[in-house]
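Novice: Listed here are the chains, written in short residue letters.
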Amino acid sequence: MRFLFKFLIVSTFFLLANCAVNNNSQNIMDKTPQTQDPWENFNRGTFAFNKVFDKYLLAPLAKGYRIVLPGEVRKGIRNFLSNLKEPWTSINAALQGDFKNSGTSIVRFGLNTTVGLLGIFDVATSLGYKKQKEDFGQTLAVYGVDPGPYLVLPLLGPSTVRDAIGKVTGFIADPVTIALNQDGKENWIWIGTAVNGIDFREQNLEKIDNLEATSVDFYATIRSLYLERRNRMIRNQSADQQDPFQEFDIE
Amino acid sequence: MKKIGIIITLIICVLSNNVIAINKEDANQFVVDIGNQAIKILKIPVDDKEKRKKELQNLLQEKFDMPFIAKIILGKEIYKNTSEEKFRKFSNIFEIHIVKIYSSQLGTYKGQKFNVKNTEIKKKDAFVYSSIESPDFPNTNIVWRVRDLGEGLKVIDMQVEGVSLLRTKRNDFKMVLDSQGIDGLIMTLESMNQIPDLKIPGE
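Line by line, the protein sequences give chains S and A.
The numbering of the first sequence is our numbering, which starts it at 1 and goes up by one.
The numbering of the second sequence is our numbering, which starts it at 1 and goes up by one.
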């Protein structure tokens, strides 16, 4: 009886101790890194300009694009434009030392350009060669270049200083761009960029509009989405390898 | 007798710790259940927005620790200086806000499949790695951060394609919290919660 009594006392003690642990576990340890946005006022100005551009030109064009072209045609155009990015992805993957992805991109480009009828059909994905886009901003990150301050680019949207340099380099050094320039078909570069933008907006018409409607501070939400998503792309880790919450520790 | 007492004490110690320690399989199954519930919501016709919202709210209340998430989003300093009543008010409004967000972002069912790939236990939390696979769209990777705060397993954060719900909402609320405090944020969210239902992707 005495033993049972002791047993109950000890059990109660540990159960209570456990409850205490539970309560302590609700303490907040916020290690969220501060966003590097020293040019916030300037960026908010550019963001406001981009919103006007979106409201009066991009979104209406995207809506028209959806009405005029059926889903399958839009998918074909998307695949075609995406296929043209494969050589640049391959170069960047190689520069990053990721020769497997570099090779995959070459195979994807070869298969989709031939069997996939100039890239309109993404046959490579169905054969197991998955797309993994790489750009020069990611390459710079691999070589240790910091992202620098957050930067909103006119018309192009959210970026960082490093990613903006990556974008400019992409415009100049992409083999497809070089080939088009050499053939005197530079207009196609701008047409391709514009169609890419319209297609992206079309794919995200409701998502972006709803995100704006449900954001207290749409600028901060977009900044957060861009920086986190970009960070994940740069870490280049698959979903089951990464440390998902990093410094955002909740203790 | 004394030795037996020590052994029992140790056993109880281990057992009592297990109450909050998370089992990989349990966390896995917990997230599989969430996925199944979410797929059910996707299958609700888009015209029936009220039902979609109701089911989503049920999912949040059952599987997510919303007051804990609300607390983290406010931050330690603001939470410490907020009365319990005001915090409860904020927590309720915040929940409606989250329902509004996800009911407007959740599309329609187009053959999506929800798969749990892997689960890792780190400190007190289980990180469950999952993906939504769709025949028409690229895969969406979601990582669920699951913790047992004494009331069973609950989601305390989720990361969709690298974007954390907690971090995004903290950044979204920061300017209003800094300039107008929790009262300003409550007022803003209250008025935002009044906006009519938004068009759902794929509607």
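Hint data in this document are derived by calculation from the structure and do not stem from the laboratory.
Some hints here could point you the wrong way.
[Said to hold, decoys possible] List time: in silico DSS-like cross-link candidates among lysine-lysine, alpha-carbon distance up to 30 Å: (1) A/K49 x S/K51; (2) A/K174 x A/K199; (3) S/K75 x A/K174; (4) A/K110 x A/K199; (5) S/K75 x A/K113; (6) A/K124 x S/K207; (7) A/K40 x S/K55; (8) A/K199 x S/K51; (9) A/K110 x S/K130; (10) S/K63 x A/K113; (11) A/K123 x S/K207; (12) A/K40 x S/K75; (13) S/K51 x A/K24; (14) S/K167 x S/K131; (15) S/K167 x S/K185; (16) S/K63 x A/K110; (17) A/K49 x S/K130; (18) S/K207 x S/K55; (19) S/K75 x A/K199.
[Said to hold, decoys possible] Chain S regions said to be covered by chain A (calculated; three or more residues, Cβ under 8 Å): (20) 151 to 160; (21) 214 to 220.
[As the list claims (entries may be wrong)] Here are some chain S residues pointing at chain A (derived, C-beta under 10 Å): (22) K75; (23) N79; (24) R223; (25) E228; (26) R230; (27) R235.
All residues carry an ideal CB built from backbone N, CA and C; glycine is no exception.
Novice: Decide, hint by hint, whether the structure agrees.
Specialist: Structure-based check of all given hints:
no. : hint            : verdict
1   : A/K49 x S/K51   : 28 Å, holds
2   : A/K174 x A/K199 : 27 Å, holds
3   : S/K75 x A/K174  : 38 Å, violated
4   : A/K110 x A/K199 : 17 Å, holds
5   : S/K75 x A/K113  : 21 Å, holds
6   : A/K124 x S/K207 : 34 Å, violated
7   : A/K40 x S/K55   : 34 Å, violated
8   : A/K199 x S/K51  : 20 Å, holds
9   : A/K110 x S/K130 : 21 Å, holds
10  : S/K63 x A/K113  : 29 Å, holds
11  : A/K123 x S/K207 : 35 Å, violated
12  : A/K40 x S/K75   : 27 Å, holds
13  : S/K51 x A/K24   : 45 Å, violated
14  : S/K167 x S/K131 : 19 Å, holds
15  : S/K167 x S/K185 : 20 Å, holds
16  : S/K63 x A/K110  : 21 Å, holds
17  : A/K49 x S/K130  : 36 Å, violated
18  : S/K207 x S/K55  : 15 Å, holds
19  : S/K75 x A/K199  : 22 Å, holds
20  : 151 to 160      : violated (count 0)
21  : 214 to 220      : holds (count 5)
22  : K75             : 8 Å, holds
23  : N79             : 12 Å, violated
24  : R223            : 7 Å, holds
25  : E228            : 5 Å, holds
26  : R230            : 8 Å, holds
27  : R235            : 8 Å, holds
Against the hints set out earlier in the document, violations occur for numbers 3, 6, 7, 11, 13, 17, 20, 23.
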